[in-house]
Amino acid sequence: MLRLKHAFVTGVAALALALGQSAIAQDKSIVVASTTSTVDSGLFGHLLPLFKSKTGIDVRVVSQGTGQALDTGRRGDADVVFVHAKSQEEKFVADGFGVKRFAVMYNDFVLIGPKSDPAKVNSSKDIAAALVKIKNAGAPFISRGDKSGTHSAELRLWKIAGVDIAKDKGPWYRDIGQGMGAALNTASASNAYVLADRGTWLSFKNRGDLVISVEGDNRLFNQYGVMLVNPAKHAHVKKDLGQAFIDWLVSPEGQKAIADYKVNGEQLFFPNATVPGA
Amino acid sequence: MRSPESDLPLQFERIRHEAGNRLILDIGSLAIVNGPPTAIVGPNGAGKTTLLRIGMGLAAPTGGRVTWGGRENIPPSRRAFLFQRPVMLMRSAAGNVEYALAAARTPRSGRKQRVAELLALVGLSGFEDRPARRLSGGEQQRLALARALARDPEILFLDEPTASLDPAAAKSVEDVLRAVAGSGVKILISTHDLGTARRLAGDVVLLHRGRVIEHSPSGTFFSEPKTEEARRFQAGDLLL
Amino acid sequence: MFSSAFELLFTGDPGLYRIIGLSLYVSLTATLIAALIGLPLGAFLALKEFRGRGAVIVLVNALMGMPPVVVGLAVFLLLSRSGPLGSLGILFTPRAMIIAQAILITPIIAALARQTIADLWLQYRDELAAMNVSTADGVATLLWDGRFSLLTALLAGFGRASAEVGAVIIVGGNIDGFTRTMTTAIALETSKGDLPLAIGLGTVLLLIVIAINALAWFIRRTGERMAGVA
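Chains as they are written, first to last, in the numbering used here: chain X, -13 to 264; chain G, 402 to 641; chain Y, 904 to 1133.
These are calculated hints, taken from the structure and not from any lab test. Just so it is clear, the structure is predicted and the values come from calculations on it, not from any experiment. All C-beta atoms in this analysis are idealised placements derived from N, C-alpha and C, irrespective of residue type, glycine included. Heads up, a few of these hints could be off.
What the hints assert, rightly or not - Which bits of chain X does chain Y cover? Going by a derived footprint, with three or more residues having C-beta under 8 Å, they are:
1) 59 to 72
2) 122 to 131
3) 166 to 178
Claimed, not checked - Calculated from the model, a selection of chain Y residues having no Cβ within reach of chain G, i.e. all distances over 12 Å:
4) THR914
5) ILE940
6) PHE953
7) VAL973
8) LEU1031
9) ALA1117
Stated by the list, open to error - Here are a few chain G residues that face chain Y, going by a calculated C-beta distance under 8 Å:
10) PRO476
11) LEU490
12) MET491
Model the full assembly from the supplied sequences, consistent with the hints where possible.
What follows is the structure in structure tokens.
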């Protein structure tokens, strides 16, 4: 009977040891809270190995959507935040949660819609007019509804189109509260319109009957920015490693790596770190 | 590790035991002394099982007291109990006996030997590795007996040990008990089968409705019972 | 449709094996921890009478159905740098996932263990008392003799852990190569629209879980035969 107690104690000790081990492996790594498009499009899959082989730093990306990523930064659960909502990023820095905002790259949003085009907007170059037509036709429209950069852009575009979406929405407007992939899946399944970033769309594999309905309007411009979480607010932030990542992203080498990323021969993101006011 | 003192005589003093609202036992004084087996007989519901459990120390009487060798409240290290429907541990036959030896704090070195001896004593040699729960009713009873004897008891309590056994199995159990009694263990056995009592017991206690009706040596009880109830019980009448 | 995942499996794709390895590591470790807490807890509830025991049992039974996302959220708030245990720095690591899953399945193991041990205690109580067995040894005996049913309880816990995605995705962050498990990978591939790969991964997960259950069933059958239970 004594042997049972011995086994128990040995087991617990072994377990404690095993759980304790993983702490040691954390050395050269940072946590980046990012929007989903950089992950889902495969950009990070392309960039991070290059960064690691240059610096030996492991970048751990938690892909969450802009609103949640900024919140993760506020809580101090990430070292770097990489999102695409300029006004929210500037507020993040102004509120003292971020050190400085760096522009990194841009792509554009596209309006995705069914081939059957119930609202008759395909091939248009005017996003505002298209949105008005969709509302008037009551054509099904999927909104991400998750405080992401894409969601913010969508709301901004409704406003530009002169539509008070909060008031004017009807059953045709479906707010799903999920990420880009889920939104595209839903749009594909219900033959609806949805605003997407080009990068995620190009790497999305479940298109069904969806095509690009509207593109090229400069109001669809989508800028990405990166910020170091402020060590003054959260002392544990790995500021040197984090800054190394940011520095690399905006360096000529990093910018070239971004430009080199292509899906089916098409470039997804356009580096613009050196463009003033980006 | 065992104190040199004896658990005998086992003395029941003014035991009044109630359960729920019923009076199960009402015994003025009953002494179980060293010697040949004592049989507790009586109809079902007489309180035999309860009396045995209290004598073993499994239950405390709600009134009165029990003493073992003059001492109260001592652990059952010199006593063993064979239940009417014994429960086998989920181990082999040898495993069950070894468990009992370990529980009785027998030194480790002689255990394997002792297991073999005990199994041989109850006629279960060769059953060592059999899963205990796979044994027949009679075999399980004998294994439970081996477990009880593993405690090297001074007093061995048996609650209706042959009640659910066929005659052959019952005989083999009785033979073992006779041998055990012969080696100096005091046996206290409850039974509603007068034949068992007649064959094994040195003295008989007749229990009816929780009261001791008669306590006599075997010879007297069976040939010249002192009480009317004893006479009627032996004649096969239903005591009400 | 399944070809892409099976291709990865059979060509020994390290990424896939890392995901499978992490899933098993997290869920098995969580099950072990939950067993170390849940089995004694179940034994305690089965054997020790105290005021309010009935209420505690009802509570433990109810917690068996805790939604994984709720556990995930609670653990996230605890382990976040802004939370009480933030200084441990284990959010978005496998350790956080193990903790969340262990919390999730401890009630299952405790509740099932309690039932098993209580039933066995009813049978064994008299015999153990008659053999003057100490409380500690008695508990050990109940745990050992009840080992087959307790193994089933552990399996139930493991099953719940390996199947859930809500807790591990919140506290783990689904980080590629670090905290991505089979279930979170399936969620990700689904949201990327790569349904064939997601289905393939799902099938692999199912096969692994079936294999583990089959192994446990086999162990149980053999053991039961040897102990004469069935």
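Hints and how they fare:
| no. | hint | verdict |
| --- | --- | --- |
| 1 | 59 to 72 | holds (count 4) |
| 2 | 122 to 131 | violated (count 0) |
| 3 | 166 to 178 | holds (count 6) |
| 4 | THR914 | 46 Å, holds |
| 5 | ILE940 | 25 Å, holds |
| 6 | PHE953 | 21 Å, holds |
| 7 | VAL973 | 38 Å, holds |
| 8 | LEU1031 | 8 Å, violated |
| 9 | ALA1117 | 23 Å, holds |
| 10 | PRO476 | 6 Å, holds |
| 11 | LEU490 | 6 Å, holds |
| 12 | MET491 | 4 Å, holds |
The structure does not agree with the numbered hints 2 and 8 stated previously, though it agrees with the rest.
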